[in-house]
Amino acid sequence: MSEAVITSVAGPVIRARREGGFSLGEAVHVGDAALLGEVVRLSGDEITVQIYEDTTGLAPGDGLRGSGLPLSVRLGPHLLGNIFDGLLRPLAPEAVAQRYQLRPLVEPGERLRAGAVLAEVEGPAKAQSLLVPPDVAEAELTHIEAGEIGLDDPAARLALPDGSTREITLAHDWPVRRPRPVTRRLPPDEMMVTGQRILDSLFPIARGGRAAIPGGFGTGKTVLQETLAKWCDADVIVYVGCGERGNEMAEVLHEFPELEDPRTGRPLMERTVIVANTSNMPVAAREASIYTGVTVGEYFRDQGFNVTLMADSTSRWAEALREVSGRLGELPSESGYPAYLSSRMSEFYERAASVETQGGRRGSLTVIGAVSPPAGDFSEPVTSHTKRYVRTFWGLDRGRAQARFYPAIHPLQSYSEDAAGLVEWWTAHGNPNWRAQRGRILDLLEAQAGLERMARIVGKDAMPPTQQLTLLCAGLVDDAFLRQSAFSPTDRTCSPDKQTEMLGTLMRFFDLAEAAVARGVKVEAIAAAGFYRRLARMGEEIADGDPARFAALVEEMETEMAALGREVNDAV
Amino acid sequence: MRFDLGAGGAVTAIEGPLVFLRRVVRAGLGEAVAVEGADGRARLGRIVGLDEERIVVELLESTAGLGIDDVTVRFRGEPMTMALGPGLLGRVFDGVGRPRDGGPPVPEMVRRRVDTGTINPATRGLPKDFIETGVSSIDILNSLVRGQKLPIFSAGGLPHDRLAAGIAQTARLRGEDEAGFAVVFAGIGVSHDSAESFRAAMEQSGALEHTAMFLNLASEPSAQRLLTPRYALTAAEYLAFDEGRHVLVILTDMTNYCEALREVSASHGEIPSRKGYPGYMYSDLATIFERAGWIKGRAGTLTQLPILTMPADDISHPIPDLTGYITEGQVVLDRALEHRGIYPPVNVLPSLSRLMDQGIGEGFTHPDHPALAQQLFAAYARAARVRVLSSVVGRDGLTETDRLYLDFGDRFEADFVSQEAMRGFEESFALGWEILAMLPPGELARLSDAQIAEHIAPVLARAETATEAGDG
Chain Y
1 MSEAVITSVA GPVIRARREG GFSLGEAVHV GDAALLGEVV RLSGDEITVQ
51 IYEDTTGLAP GDGLRGSGLP LSVRLGPHLL GNIFDGLLRP LAPEAVAQRY
101 QLRPLVEPGE RLRAGAVLAE VEGPAKAQSL LVPPDVAEAE LTHIEAGEIG
151 LDDPAARLAL PDGSTREITL AHDWPVRRPR PVTRRLPPDE MMVTGQRILD
201 SLFPIARGGR AAIPGGFGTG KTVLQETLAK WCDADVIVYV GCGERGNEMA
251 EVLHEFPELE DPRTGRPLME RTVIVANTSN MPVAAREASI YTGVTVGEYF
301 RDQGFNVTLM ADSTSRWAEA LREVSGRLGE LPSESGYPAY LSSRMSEFYE
351 RAASVETQGG RRGSLTVIGA VSPPAGDFSE PVTSHTKRYV RTFWGLDRGR
401 AQARFYPAIH PLQSYSEDAA GLVEWWTAHG NPNWRAQRGR ILDLLEAQAG
451 LERMARIVGK DAMPPTQQLT LLCAGLVDDA FLRQSAFSPT DRTCSPDKQT
501 EMLGTLMRFF DLAEAAVARG VKVEAIAAAG FYRRLARMGE EIADGDPARF
551 AALVEEMETE MAALGREVND AV
Chain S
1 MRFDLGAGGA VTAIEGPLVF LRRVVRAGLG EAVAVEGADG RARLGRIVGL
51 DEERIVVELL ESTAGLGIDD VTVRFRGEPM TMALGPGLLG RVFDGVGRPR
101 DGGPPVPEMV RRRVDTGTIN PATRGLPKDF IETGVSSIDI LNSLVRGQKL
151 PIFSAGGLPH DRLAAGIAQT ARLRGEDEAG FAVVFAGIGV SHDSAESFRA
201 AMEQSGALEH TAMFLNLASE PSAQRLLTPR YALTAAEYLA FDEGRHVLVI
251 LTDMTNYCEA LREVSASHGE IPSRKGYPGY MYSDLATIFE RAGWIKGRAG
301 TLTQLPILTM PADDISHPIP DLTGYITEGQ VVLDRALEHR GIYPPVNVLP
351 SLSRLMDQGI GEGFTHPDHP ALAQQLFAAY ARAARVRVLS SVVGRDGLTE
401 TDRLYLDFGD RFEADFVSQE AMRGFEESFA LGWEILAMLP PGELARLSDA
451 QIAEHIAPVL ARAETATEAG DG
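Those sequence lines, one after another, are chains Y and S. The working numbering numbers the first residue of the first sequence as 1 and each following residue consecutively. The working numbering numbers the first residue of the second sequence as 1 and each following residue consecutively.
I should point out that these hints are in silico values taken from the structure, not numbers from a laboratory. For each residue, glycine too, the CB sits at the ideal point set by N, CA and C. Any given hint might turn out to be false.
Computed footprint of chain S on chain Y, listed as stretches where at least three residues anywhere in the stretch have a Cβ under 8 Å from a Cβ of chain S [unchecked claim]:
| # | region |
| --- | --- |
| 1 | 241-251 |
| 2 | 272-280 |
| 3 | 364-378 |
| 4 | 383-389 |
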């Protein structure tokens, strides 16, 4: 192994004089404590290394050893249900199971290609697959174990065409910055159900999609990320806490084992991997944690799972890039960020995809990144570059958050490029009118913004009844449909079926109310009717899988609306 | 490993707080040193940079009076540490942990580094014990829980000191006595009188014996301000995690800390980020704020109440902005409320407590507490919007419902936010419902029918009886 001697130390960046060859991106061990670092620059016989741990006590003259390998993380069945640091070292090692049950699915003598399933692995979390590694083009299985086996015990042996053999273990290392190969990418035409109405019905994200959640502090980014991690219909959740609060990680660790996955009935923690690099941990490791998370996501995607990666927050990652870049003395670009910020971001987001795996399965990796723009300004570099690489944009709004209107997503600042491709998905899931309904709601919200500006000038009282009705309808959409209480057991997640019922009920209300106002019914009379309060609270009051109650609500609405109409006729 | 580097020839340059030494000894990054001039006074410093030829030392005290030729540098061979032991409470220390009350040094039980304390997130307990502060706008709407870091965003001339001292005197778990409670006060670049007024307030309430004070006064070197919160937190961690106390740490004023950080960063010649503050300010502040919390299996907790003054009352300034991204919410004080004579002038809309949901509701405060808070926020936000509208079109241009919101907003500020004496939770809770009852029940979409029947209907019934009695 190559060695080097430190010549200077400044924060997380050191320089050293090398004796032997080093390559860019190589993992190195620094000093007596063998601190983990990565070579970021080579120049003559000087190498520059960023260190992923606290550098206190390091001095010039200390030694440094190369590993000969790029910076890698250890993947395996032990990941699910546990918490790790930015380089995937367990933070609660005692909780990580070391032994698993192996159930072979192939016989010795079979010829196998990369991605082929060798065996099923059973442990404390859900069943996983042991695959032929991505770099094996073709090989013959010569031996496979069965029964209980440790993470690093030989599980299978392959004979490669060149005559060598390859031992397969349950756990293996993979370089974090290298995407894992796939056979081909598939179009994003299947919706990832988040259970949040404003997302699924207005700004949906497809499996394999990329979304950003930008918002100033206190607008509910973390709450939204956690809500998605809890209720979206993914098989595996990778939750990356990048430069965020330690108590948030503690919250996930306490809450998830208690909560039940509505689809499997198992604790949510069993489908979750937490990568925690909290704000007080070394800054360089924060930069790596994003790649670590995405590598873990790809690992599960390759087994045919639908994986969702939550990165909270990509701004802290960009700041870590900026800090290290500054220490390297690189020329700063916009707001001090390095000029390669944008290309690094695109590399990260491009790893999201719906794919056919090497083994021929269908898997997906959906990436949802939170962005923390300084002062909530969406024009800053991280947010504006992010916008170029994501297809779905969920902009958070301070005004809504201050009124405790959650999720505080601003419907006029958000968009989804995936929506057009999901019309068929909604049709297949019971709502052929989704495109039209979505359009009508977005029109209504747009009209509301215009009318509210006008109301500031002329006063609401002076507006004609049809415009007052538009404001009432838009207000109802906000209260009844877009707002969703994360703390109400009936409302915290909402199935596509219930969303369809609710949309249908709202459309019926719009039609009836427009007709009633045309006949002379006062807008205030509609707002004061008994059914109006029931409409506003239908999300919390009517549980999933109860279409009869929506039918009853529509009937109550029709009856009361007709009564309002008669009162007007009688008065005339 | 401790040794001296003798006078003469060791120092090559002195620039502001930085002293450049020839590297003739092995010393590591972050280690503590003492630099002694001809006057014989030892000045505390630490190693901030190293290369093959030189060592860069940053002094935390004035470099005035140091000469290149007559300096002795004493290497401690370890990072900055603090001696900790019984008897911390009731004492007053300077910004780097030396007694300033004339008393003896604290007996040394353990010696700890002042700049570590990365709590492994897997060992953290979930903060969820509701602290009753006696302030309605905090207890009902932005509840504080043990182990939280909840800053007060204030501005020059606003009564943040009075509010913090008030909370320090009353903040307890419901129905709990004083034993096991402690306050650590870190004054960072504060004026002598604001330190003294805090001390007087604690003395008056008899809480001084539960309090340890760390003071870096405005007249003292600014580089020292970078260490004051770290010494105070090291002491607080000892009180919380070794002695098992529930510690409330008040850090004031974090704006002075950030100014010192900018000053020191500039002297290092670092590339500045927003408004000249260093790019690593977020990470640096996080190493302070993340020291709040509680650890599974330990008896004590560490709650932080940092105070910062927003430059030019601007909440988007980098100091409050970065702080808000790290802390678990914020309590925002508002000048307009202060002008209207409302104390405490808490603007509840931009205020937030992220950990509130874990510490309130069934089994903690009252099952309907979350709904009450949600509805008060929704109604007050609408009242604020109506206020803007009425300032343009006048009260007459409003609909009848909007006029009710206008009245609601005024009463909410005058009767709920404003308070002379501290209020118990039950009192604040009842007051919240009473004010909500001003609005028609149809408007209260965040409340269930049962909640309206239980809390709003009795208020309306009482009001009706009172009117009838008045008529009769």
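Hints, one by one, checked against the model:
Under a criterion of three residues with beta carbons nearer than 8 Å to beta carbons of chain S, the stated coverage of the region 241-251 of chain Y is upheld, 8 such residues being counted. Closer than 8 Å: that is the beta-carbon criterion, and the region 272-280 of chain Y has 4 residues meeting it against chain S, so the requirement of 3 holds. Against chain S, the region 364-378 of chain Y contributes 5 residues with a C-beta closer than 8 Å to a partner C-beta. That satisfies the three-residue criterion, and the hint holds. Given as covered by chain S, the region 383-389 of chain Y fails the check, having 0 residues with a CB less than 8 Å from a CB of that chain where 3 are the minimum.
Of the numbered hints given earlier, the model fails hint 4 alone.
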